[in-house]
Amino acid sequence: MNMETPAVTRIQFNVRDLLVKYGFIAVTLILFLLFFTTQDTFRLSTTFFSMLKFTSVVAITGLGITLSMAVGGLDLSVGAVAGMSVTLSAMTMVIYNQTGIVAVGIVLLAGAVIGAVNAFLIVVLKIPDLLATLASMFTVMGLKLVPVNGQSVSSGMILRDGSTARGKFTDAFLKMDTGKVGPIPYPVILFFVLTLITWFFLTRTKWGRAMYAVGSNPEAARLAGVRVKRYRALAYILSGILASISGLILASRIGQGDISAGNSLLLDSVAVALVGTSVLGLGRPNAWGTALGAFLMGVVITGLTIAGFPYYGQDVVKGLVLLLALIFSFTLSRKKSRFVPAV
Amino acid sequence: MSTPVQVKSISKSFGTNQVLRGISLDIHPGEIVSLMGANGAGKSTLIKILSGAYPEFEGEIWIDGEAVRIGSPLEARAQGIETVHQKIDDGIISGLSVAENLLFDRIGLNQIPTFCSPKRMVALSREVAQSLDLDWTDSELRADVYQLGIADKQMLLLARALSTKPKLLILDEPTSALSDKETERLFVVIKKLRAQGVAILYVSHRLGEIDELADRIFVLRDGLIQNEQAPPFKWDVALHAMLGSEVARELQHHEEHRGTTELLKAEGVQLFAESTPFSVGVRSGEVTGVIGLLGSGKSEFARAIFGAEPLIQGTFTLEGKAYHPHSPTEAVAEGVYLVSEDRALDGLLEGWNISRTVSLPFLKKVTSQGLLNFRAESELGSDLIKKLGVVAQSQSSTVESLSGGNQQKVMVGRWLIQEPKLLLLDEPFRGVDIGARREISRQIGNLAAAGSAAIVFSADIDEILEVADRIFVFVEGELRLETYLSNTTRSEIIQKMSEVA
Chain C
1 MNMETPAVTR
11 IQFNVRDLLV
21 KYGFIAVTLI
31 LFLLFFTTQD
41 TFRLSTTFFS
51 MLKFTSVVAI
61 TGLGITLSMA
71 VGGLDLSVGA
81 VAGMSVTLSA
91 MTMVIYNQTG
101 IVAVGIVLLA
111 GAVIGAVNAF
121 LIVVLKIPDL
131 LATLASMFTV
141 MGLKLVPVNG
151 QSVSSGMILR
161 DGSTARGKFT
171 DAFLKMDTGK
181 VGPIPYPVIL
191 FFVLTLITWF
201 FLTRTKWGRA
211 MYAVGSNPEA
221 ARLAGVRVKR
231 YRALAYILSG
241 ILASISGLIL
251 ASRIGQGDIS
261 AGNSLLLDSV
271 AVALVGTSVL
281 GLGRPNAWGT
291 ALGAFLMGVV
301 ITGLTIAGFP
311 YYGQDVVKGL
321 VLLLALIFSF
331 TLSRKKSRFV
341 PAV
Chain L
1 MSTPVQVKSI
11 SKSFGTNQVL
21 RGISLDIHPG
31 EIVSLMGANG
41 AGKSTLIKIL
51 SGAYPEFEGE
61 IWIDGEAVRI
71 GSPLEARAQG
81 IETVHQKIDD
91 GIISGLSVAE
101 NLLFDRIGLN
111 QIPTFCSPKR
121 MVALSREVAQ
131 SLDLDWTDSE
141 LRADVYQLGI
151 ADKQMLLLAR
161 ALSTKPKLLI
171 LDEPTSALSD
181 KETERLFVVI
191 KKLRAQGVAI
201 LYVSHRLGEI
211 DELADRIFVL
221 RDGLIQNEQA
231 PPFKWDVALH
241 AMLGSEVARE
251 LQHHEEHRGT
261 TELLKAEGVQ
271 LFAESTPFSV
281 GVRSGEVTGV
291 IGLLGSGKSE
301 FARAIFGAEP
311 LIQGTFTLEG
321 KAYHPHSPTE
331 AVAEGVYLVS
341 EDRALDGLLE
351 GWNISRTVSL
361 PFLKKVTSQG
371 LLNFRAESEL
381 GSDLIKKLGV
391 VAQSQSSTVE
401 SLSGGNQQKV
411 MVGRWLIQEP
421 KLLLLDEPFR
431 GVDIGARREI
441 SRQIGNLAAA
451 GSAAIVFSAD
461 IDEILEVADR
471 IFVFVEGELR
481 LETYLSNTTR
491 SEIIQKMSEV
501 A
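So the sequence lines, in the order shown, correspond to chains C and L. The opening residue of the first sequence carries number 1 in the working numbering; numbering runs sequentially from there. The opening residue of the second sequence carries number 1 in the working numbering; numbering runs sequentially from there.
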């Protein structure tokens, strides 16, 4: 190292470190304050909570992505699993006339099963994470259409045998999305609780610690006696379950088995999880980062929509937000960020 | 044609670390010169300079009586220096056909037309293949290169290297992935090339091969040529030069301990496909030192005991019970721990602090019902710092902020403080300063004195003499000597290491 580093460059370096650490939080705050001061509608507490409510679906899937990223992978099947959950909920309640509880149980189980299949493909069949979950994404997206003949499921629809579907989305099930505790919608509570649990799991339990070890250097983890395969499998199973939870919220929100539901979810949730890695300059996937990333995306989209920004421009904005986060993580950070899996 | 390729006083430094200190040697056409040296002697640096990977160095390279500039691998090739690197698969371009692979160097030199029909490509590549009498058919030449076996790939690389009619051919450990039979076939080719007048620089750790091929040998240590010989080669002299002489280093003598109880028994252990199985026991209460050059099988032995790699054949018994770990997890559960060879590659976790690094293999001990107890973890870290004298600001300093020696103290210490039954240390002193080395040796000695068993695996004879009570000499996957320190001498160990199979 050059010992005669001039003082000026040292200050610049400090600015850079500060930027990496707090840059993203600052951007979130500034944008929030900007919209807050300029847009009357943005100031309403109902706007705030409905923004959080819409964010919650992306955030919860993003938590699943965070787990798969923590073990050095990436679960591309989350959007498909959420979409499948919507159809599955509708089938259970509308076609088979079961209760909401049964639908929730079946959907969660299905999410875990898809996660386990992903784990099998990756850990046992040794297919690279991205490719395995890409394949299961397509399969799941197609498979859900088979029992419903490629059609959305809604109450009173004509079934294959000519009869009319007897069931409907139960009130309790619909309440999952519309229900509130005081001013706070249920999905927001779920979002918060699941973030808390994921954070706790990743940072306060030995399982989370082992997952980070696997993601950081699988061979070093193996030689430290960590059961690498088990933790990778666990991450994908949990990711499947989280995706199915967000699918349940989506189903409750739509109130019917819309076959196109969940289609855009994957890209949004990968984006928020990636954005999350840059929060506090951690350079690793983390639960609060993902939550904050989802929040920021929500603020930007809601703020711009209120300001009259056209809906078709939203993806440009999401892309730029992601790009900004990646610049914090990869260009400015002195840490080597290595949470992106190689194919 | 008779002017040699000359290397004139080449020096190379990385920062303050001078790796080569004025190397001069010449290689005549039709001559095989062998370069020997232990890890870190400067061999690979010299090869990288000659093959254009390090464009900045002091000194000159002369070819055909002229000083040449070698600033890139392409320039090296254009000047007539071809290198076949140790890792065969690094040279093979998968996804291309055998023919395209054969022509790859000539494509780089623009010697192949930009638009070249597959038919013409195959015809051109056949010429290349025939230079080594490889009678590959057209359909074999058209096939994807992955279908070739490892030996054929090596032949392909060799033929490709010859396709540019090199003046100097560098072969870096060309047999390390080959079987005996494939090696024989390769040697026939190499000898033929010599007869054709190619100057060959042959780098290997296998004395038998060098004995068979080389016309001269150069021994490199600490960036200097320590010994030059013409046949008949005196291998003990070469190895003395390679490993360093007694007077060169101050030796730390230690009291020899002898253990009484046999802890680990290895029976019929076979390390390589063609090595002879051996049986040996490791005792508690003493430090066993396993010495062998690169490729002697010592890492394979260590990793097999730790369950990180399967054995070809053989069984282990630990404390009289069958012991067959299928994973490191199982070994750790039995109290068998390994400090792995390359701490940067498969030891350290980036951004992890000392406490976390230390607790990772023993998370159970710092958790209750799965919940981490950060205080217990932090105490584990500070315990280790105290016990091994790690120089660090605190237990929450990241491991990469530490010096090499202190990093290694952490990697060794995290196993040491957990009372191992058997501690395996693979090259524990590599990249470690003398102070840390002494401290780690002392700790290993204390561990054995307290009744555990320790095995230190090293290629450095001084390190082994400094730490071991009992010594195993490994040569090409076989156990050649098993003795106590006081029953042997440095010369005997070197003698055994240099015995050619």
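Hint data in this document are derived by calculation from the structure and do not stem from the laboratory. Be a bit skeptical, because a hint or two may be false.
As the list claims (entries may be wrong) - Listed below are several chain C residues computed to face chain L (Cβ distance under 8 Å; list not exhaustive): (1) R204; (2) W207; (3) R253.
To be verified - Per the computed footprint, the stretches of chain L lying under chain C, defined by three or more beta-carbons under 8 Å from a beta-carbon of chain C, are: (4) 138-145; (5) 327-339; (6) 483-494.
A virtual CB, placed ideally from N, CA and C, is assigned to each residue, including glycine.
Each hint, compared with the structure:
1. R204: holds (6 Å)
2. W207: Check passed: Cβ of C:W207 comes within 6 Å of chain L, closer than 8 Å.
3. R253: With Cβ-Cβ at 34 Å, over 8 Å, it is violated.
4. 138-145: n = 0 at 8 Å, threshold three: violated.
5. 327-339: holds (count 7)
6. 483-494: Coverage by chain C is violated for the stretch 483-494 of chain L (0 residues, Cβ < 8 Å).
The structure does not agree with the numbered hints 3, 4, 6 stated previously, though it agrees with the rest.
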